[in-house]
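**Q** Protein chains in written order, with this note's numbering: chain A, 5 to 498; chain B, 5 to 498; chain C, 5 to 498; chain D, 5 to 498.
Since the hints were made in silico from the structure, they are not lab data. A quick note: this is a predicted structure, and the numbers were derived from the prediction, not measured. Among the hints, a few may not be true.
All copies of an identical chain are treated as equivalent in the list; a pair is satisfied when it fits inside any one copy or across any two copies.
What the hints assert, rightly or not - Here are the simulated BS3-like pairs of lysine-lysine, each with C-alpha atoms no more than 30 Å apart in a straight line:
1. Lys51 with Lys441
2. Lys59 with Lys447
3. Lys343 with Lys71
4. Lys498 with Lys30
5. Lys49 with Lys447
6. Lys333 with Lys30
7. Lys120 with Lys333
8. Lys399 with Lys361
9. Lys422 with Lys343
10. Lys56 with Lys447
11. Lys441 with Lys59
4 protein chains.
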Amino acid sequence: MMYRSRPKGELDSDALDFLSSMQEDKAILGYDILGTEAHVLMLHKQKYLTAKELKAVLAALELAKSKPLLIRTEGFEDIHEALEGFVATEAGTEAGGKMHTARSRNDQVALDTRMKIRDDINLISSALLDLVEVLIRRAKQNKCTVMLFYTHLQQAQIGTLSHYFLAFAYSLLRDVERLSEAYRRVNRSPLGSCAILGTSMNIDREFTARTLGFDGLVVNSLDATSSRDVLLEYASDLTLCMNSISRVAEDLVLWSSTEFGYIELDDSYSSTSSAMPQKKNPDPLEMARAKAGSVIGDCVSLLAIVKSLPSGYDRDLQEFKQPLFRMSKTVLDTLRVLKGVVDTLQIRHERMEESCKNSYAIALDVAERLVSEQGIPFRAAHKIVGAVVNEAISKGHGSLRGLSEADIKTALLRARPKEEFDVARIHKVISEMTPEKSVRSKKSQGSPSPKEQAAMIDEVSEAQRKQRAALGSRISLLQEANANLEKIVAELTK
Amino acid sequence: MMYRSRPKGELDSDALDFLSSMQEDKAILGYDILGTEAHVLMLHKQKYLTAKELKAVLAALELAKSKPLLIRTEGFEDIHEALEGFVATEAGTEAGGKMHTARSRNDQVALDTRMKIRDDINLISSALLDLVEVLIRRAKQNKCTVMLFYTHLQQAQIGTLSHYFLAFAYSLLRDVERLSEAYRRVNRSPLGSCAILGTSMNIDREFTARTLGFDGLVVNSLDATSSRDVLLEYASDLTLCMNSISRVAEDLVLWSSTEFGYIELDDSYSSTSSAMPQKKNPDPLEMARAKAGSVIGDCVSLLAIVKSLPSGYDRDLQEFKQPLFRMSKTVLDTLRVLKGVVDTLQIRHERMEESCKNSYAIALDVAERLVSEQGIPFRAAHKIVGAVVNEAISKGHGSLRGLSEADIKTALLRARPKEEFDVARIHKVISEMTPEKSVRSKKSQGSPSPKEQAAMIDEVSEAQRKQRAALGSRISLLQEANANLEKIVAELTK
Amino acid sequence: MMYRSRPKGELDSDALDFLSSMQEDKAILGYDILGTEAHVLMLHKQKYLTAKELKAVLAALELAKSKPLLIRTEGFEDIHEALEGFVATEAGTEAGGKMHTARSRNDQVALDTRMKIRDDINLISSALLDLVEVLIRRAKQNKCTVMLFYTHLQQAQIGTLSHYFLAFAYSLLRDVERLSEAYRRVNRSPLGSCAILGTSMNIDREFTARTLGFDGLVVNSLDATSSRDVLLEYASDLTLCMNSISRVAEDLVLWSSTEFGYIELDDSYSSTSSAMPQKKNPDPLEMARAKAGSVIGDCVSLLAIVKSLPSGYDRDLQEFKQPLFRMSKTVLDTLRVLKGVVDTLQIRHERMEESCKNSYAIALDVAERLVSEQGIPFRAAHKIVGAVVNEAISKGHGSLRGLSEADIKTALLRARPKEEFDVARIHKVISEMTPEKSVRSKKSQGSPSPKEQAAMIDEVSEAQRKQRAALGSRISLLQEANANLEKIVAELTK
Amino acid sequence: MMYRSRPKGELDSDALDFLSSMQEDKAILGYDILGTEAHVLMLHKQKYLTAKELKAVLAALELAKSKPLLIRTEGFEDIHEALEGFVATEAGTEAGGKMHTARSRNDQVALDTRMKIRDDINLISSALLDLVEVLIRRAKQNKCTVMLFYTHLQQAQIGTLSHYFLAFAYSLLRDVERLSEAYRRVNRSPLGSCAILGTSMNIDREFTARTLGFDGLVVNSLDATSSRDVLLEYASDLTLCMNSISRVAEDLVLWSSTEFGYIELDDSYSSTSSAMPQKKNPDPLEMARAKAGSVIGDCVSLLAIVKSLPSGYDRDLQEFKQPLFRMSKTVLDTLRVLKGVVDTLQIRHERMEESCKNSYAIALDVAERLVSEQGIPFRAAHKIVGAVVNEAISKGHGSLRGLSEADIKTALLRARPKEEFDVARIHKVISEMTPEKSVRSKKSQGSPSPKEQAAMIDEVSEAQRKQRAALGSRISLLQEANANLEKIVAELTK
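Throw the hints in and build the complete structure from the sequences for me.
**A** Below is the structure:
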């Protein structure tokens, strides 16, 4: 507890435990060391540290980096304090005591968090693009796999499975987009803002920012140490992403049921029951769905912690780290497992096709034919087909195909006695309509017809490639900065 | 992965990691063992287990209890599986293989969670009552400590510090009440509901319930394995409790500021700044305030996980445990530290009194005097005193006391030219009003007058004692059940 | 803006609009009038109001009650101010100006809200019990309706539909219980706490509390005006209730799908598609499910508003009313519609039975038979039946029934070559097991056997009757208090 | 209920009420009409509507636009149905019945919502930039206004008021940025996706998109009708914005207190107490703070509604509109009032300066001087100044200035007996340090020195101008599209 210049005695041990962030801090130790290295390099450049002191401090930091277990943590509130203590021991109190010149835990924790989150953004973006790739691959395989689509969980129309995969891919690409935009706001250095208002020392904020691979500064020192909106934005982006995933997980859980029976998870992604031997449970999907709920709550924790907090650093912000870092892990784990699930899941083509046939899902197709071929107003066509569907249901058919011309005539007479219809034509339209025809007949842009599938696969692939390239550049810049810093440190400490 | 009767091969290792609940499960291992002991005792009583098998299984369970590190966990999805594996190894597959008769992970996890949460309720209730006790003690010391009370964070009226402590105590007692009501719903045994629909085996649910200290059953087997509302209720109760605490934390943070300056935290509960040597930060209070935010989020996680979940056990419910158990810990830690903070905080009596004097907080007292002594309608008295306050403000006085009769006359003439006032009387009322008088003059029930303080201290103390007694009984019942079970097991395994 | 004693000029009109709570206040006008009547009766009793003034004020209040549209609201921040203005106009500023003696908007709004919420609790409890009644009725009709139960949305075991309805009823009864416990905390009067610290006037808080039908006081005046935990508890209770409902809604939406096909909503509770004539959408269930989500958010709004709020009344608490009142309406509407849905929904018995037969849901029953009849350890029986199920699946049977003795033998040989089995017995157990037998064989308490159904119907009915009686008493007490107040006022104003 | 082709009879009236979205729909009627006009123009172009029919339908739509009260709403579930009914009456069932060709409520509601939200984004962005402008103006006025800055609500360092205003401006500019990025995703047309899978009719999605001012399509029809992530993103952006605002509101509430006394709200933005005449309450700030809480809850409602929803349109999505539209209004209202508050608030310069002087806030400045002038390691300087501060506190000085050389010597001897110090120098540094000097001495980029203030004012002004220009272009494009559509419709209907 080296910072205790004023309060006398020690912290109550329960209180120390209560205040400790050691657990979360382990995730940022590496960043703290890098940030400190950049900071002391700058202090040396600005003449606040002699070459000898610099060397001693850097050597101690490198030791901490390679053997983190050497750092004593008990009795320290956080990793920043523990690391400073370690360096003071290794490099001497004179040199170690200068390390904190023109710096505070406030800008330090802001720095570390931004460094961690920019890496998390890159990891998660990469996992998102991996999943998109798998979806593209599975879409390509299933451009002609007909299946029912639902609204209100009622059988609605016939589409293609690729259409489903691509809808998911589009939504994941928006997640990548959002994260790349958040990245631009995250990747700015708060270092040099010190406790809250900067410093009278002659520091060089641009130097440390550049050294650590940042695109620029969070200029205003109050803003840099106090605001958390950029991290909240990241948390929101993750929440949205998991929310979309939860819907896919729900669909796939449904499709895995015996009742739907459209897919079967690979055994490597299924669990069984401790009591019921016949069960094959889609556990990873259920977990993904649940984790979308956890993540909403984590995001709320963050919002509730920050809401109405007086400006400047408050200790409340320490509690911020735990849900935030947990979210990164949750999303990354989910994406990786989901990729495996999608990659390996078996499609039951016949079952999908069978369901299409035993359904009324062609009703709208029939109505549209009546409109385009016979010029019947859509609303009237809708009612006509409704009457025909009712007839089929009352006769216990599971689809329109079983209806004879006479059935159709009866239905229409009952429902719309005053109108005349070309019943033979209606019957023909119905009896000739197959799932494949239904899908192929779709003309509108973005519909499930194979032609539109091909176009969308191209579009999604192109977008995926572009995002992958942009991500690659971002990561390279960070790696270069890192390698550069390592080189300088290696030279200075050899 | 002993439950894998149907899926072939092993789970993907990422997926296993994703599904694993080992971390949370450690918190319930002890309960799982107790529950299993009660279950096998019952199985033996019902003739599903021989005496020899019973002894072997109990011995293995006792070993697991005393040396939990012996239990291999890698490769198992959860602690239930791992424990069954351990028992099978220790007691033989024949005996071990019977342990799971007429039981499923679904009723088992429901059981363990209820056993843990009933203990958590008791621990937290005890911590709440400890804090209430400290508040009573501090209230007794401060029945005559005058201080300003605020609305809209504007100085409003003069009260006593004990009044503040008692308001907090009343709210904590409601938290205890709510938890004791939740306890009645929590303390019912789901065991014997098996996977979802009970069993055709001739089990005795009442026996296991009684053995484990439950007050009765969650009768309906679907309800017992699927519903989580009772745990959500517990989570809500904790959220409400922390919400109330956050407001007290906010007040105390404000009062610790130089500007208010009403209290000073003991050094054992303060932190200092890494950069600014003069700082003495009320960190535990800020953390308590932040943790109230974390807890809102945890509660949302739970709600979001359960919302719209199909009935029956879903794997989503595993994800439920983590935020739930975390909440218990958060609240318990907060209560313990808060008790220390309140117990040791220094009151700056003079500062509090000084602030009362240098304020307009007696304005309402003056207005009420005008009403009771001179029969002026309240709304008119309100306006009169408003005019006088304005005069004092414009003259730069910080209170009403500095005003001369002439000042008051001027103010009233300007504000209410057509009316006549007994200015001398108004002046006298103002000049004689002191903080002590203001407080003593309060007549209404529940007001901050010393007389009412004494009455409320009695009421709160009495309520605290009653709750403590009720809690003691509850704990005793559990301890007796526990001791009884231990005795039986000890006899059978010796 | 009659309260503006100090600030000069008028509020900015945007600001007035921003601050206005007129919309929410309309819901509490009636309570505000009743509360004011009780207050002025007390003021008269305590000699702060002459008989003449009392009469004038009461007459004005009665006028406001019968013709609320007469109350001018523009230019007033809230209904309390508007009502005071109205009374001042009707009864004269002298009498009207006394109405607010020893009262503040702070205790007034706390009073009104508690009066509204206690009524809401009673309305909602009544609606809950109505729904429980319908569930009991439907359970009685369906004690022998076999159906599949699910875990992980996989077909698990065979139960009875009544079991499902009763599980729901049990959970609703817990909601009623929780609300009745909250009621005890809600039904306490804050009136007489004034702005924050009570008053020096000689008021009688017990008198107003009794007159308005309260069970007692919120004693501490700070607690009474500042704390909101009791209302948050009510909000949490509603959130839990809707959460349970969302799960039933989800189940019923699933069951309404063509794939499950277990139920059909009555036409009076179904919607159709604007585009697809064959659709029959379970809209009220989807809305109920969605409203459970809305309610979580409303509860979070309340928690986030109150979190870290300094003690004493803050204007933030005005914003509290809107989500709170909205929640009451949401829950009441949902319960009423849900009752209609459950009451009228058609059960497709054959479909349910058919599904039972074409499933592996008897697997656990078979395993349990092996345990009880042949003494095979459960875990071994589980694996045996798992092997048999796998054989059936690989042969494309949809159930165990199609397997011959030879099939079973093959399966067992392959899976457990070293063991010997009484294959004929296993075959017999399988071939004789029917859905009805599966259900009847269940022995454990709370299982879906008809016998247990009857017992649970009795228990639920009894609990429902008791809760109904308790609710009736509560309502009567309020009605009596109300009638009594009306009588007194009528006599005084005639 | 024109869509009821299949279910017989009418909806239960409670259910109709429950399902009705008429209230929220009024906000989108205008958009629905525009969208319908674009749609029928396209249908005509594609030969599905004759010129005569087109004219009749457009005339009816124009009538609905100018006289919305003519549209009967009772008995209809939503505005789409009601409008179709209206057009059928006005234009004849033949023409009216064609209006819905190749369109569904699902793409229609997605379209209307996007049209409304893009306008809301523009309105809110404009209000944000207005507030930034006010902040810049106030910053310019207060570049030299010294004031205390806080961490942990403890006096930390001395800065300038402009620094505070600029930190807020920076955060608002990030909000504008985020909204402009969301805009790009919002401003894409879902129209033509029909119910879920597009259509076999020969429609032109690009035409309607262009006509309505969209930048492109949401291509995939499932994505277009089912996903809501883009709207959730908007909701998250608003939540973040309000969260930042809540912190400023909290600060300003604190500063309005007598204890801080740094600012005074203009009378046009203050309220008074109904009971305490001296009060001047910062109500709009408290409301802004509370509304940040409401908005968190609304965002949670949206997330919870969408979470785990099966893909395709579900009725749950209707419940989505209410919180979403409410959020737009909340944020817009808050920004407008906050602009007024900031614009008119009075700064109490002397009080701010006085507080700086009577504080230890120069401690870090002194420590930094010891570092730069005397080469003392920072950690040692920190401890030295800590000792001096302790001495000053124990002597009851409110600042360091009162200390004599002897005092400093004593303090240092006691705290660090083994070291030697240039006490005279330390004394000189302390005695010469003034608030102005403290501020001017800050050298680091983004610190509160007047020089850095000027640089930041330039940066913020420039960013504000750029964002204003970009916003202007966006709005122009929409206005042009709108004007163009109006012109075409006017010509066709004259």
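**Q** With identical chains treated as interchangeable, where does the CA-CA distance between Lys120 and Lys333 reach 30 Å or less: within a copy, between copies, both, or neither?
**A** both (12 Å within a copy, 27 Å between copies)
**Q** Can you tell me if Lys333 and Lys30 fall within 30 Å by alpha carbon in one copy, between copies, both or neither?
**A** Result: close both inside a copy and across copies, 14 Å intra and 21 Å inter.
**Q** Checking an output row: Lys59 and Lys447, CA cutoff 30 Å. Within, between, both or neither?
**A** Cα proximity of Lys59 and Lys447: across copies only (26 Å, versus 70 Å in one copy).
**Q** How would you label the pair Lys343, Lys71 (within, between, both, or neither) given a Cα cut-off of 30 Å?
**A** neither (35 Å within a copy, 39 Å between copies)
**Q** My question is about Lys51 and Lys441: at a cut-off of 30 Å on alpha-carbon distance, are they close within one copy, between copies, both, or neither?
**A** Between. Shortest inter-copy distance 23 Å satisfies the 30 Å Cα cut-off; intra-copy 78 Å does not.
**Q** Is it within, between, both or neither when you check Lys56 against Lys447 at 30 Å Cα-Cα?
**A** between (75 Å within a copy, 26 Å between copies)
**Q** How would you classify Lys49 and Lys447 at a CA-CA limit of 30 Å: within, between, both, or neither?
**A** For Lys49 and Lys447, only the inter-copy Cα distance (16 Å) is at most 30 Å; the intra-copy one is 67 Å.
**Q** One pair to classify: Lys422 and Lys343, alpha carbons no more than 30 Å apart. Within, between, both, or neither?
**A** So Lys422 and Lys343 fail the 30 Å test inside a copy (57 Å) and across (39 Å) alike.
**Q** Evaluate Lys498 and Lys30 at a C-alpha cut-off of 30 Å and name the case that applies: within, between, both or neither.
**A** within (27 Å within a copy, 46 Å between copies)
**Q** 30 Å Cα cut-off: does Lys441 pair with Lys59 within a copy, between copies, both or neither?
**A** neither (75 Å within a copy, 35 Å between copies)
**Q** At most 30 Å between alpha carbons: which applies to Lys399 and Lys361, within, between, both or neither?
**A** both (17 Å within a copy, 24 Å between copies)
The structure is inconsistent with the numbered hints 3, 9 and 11, although it conforms to all the rest.
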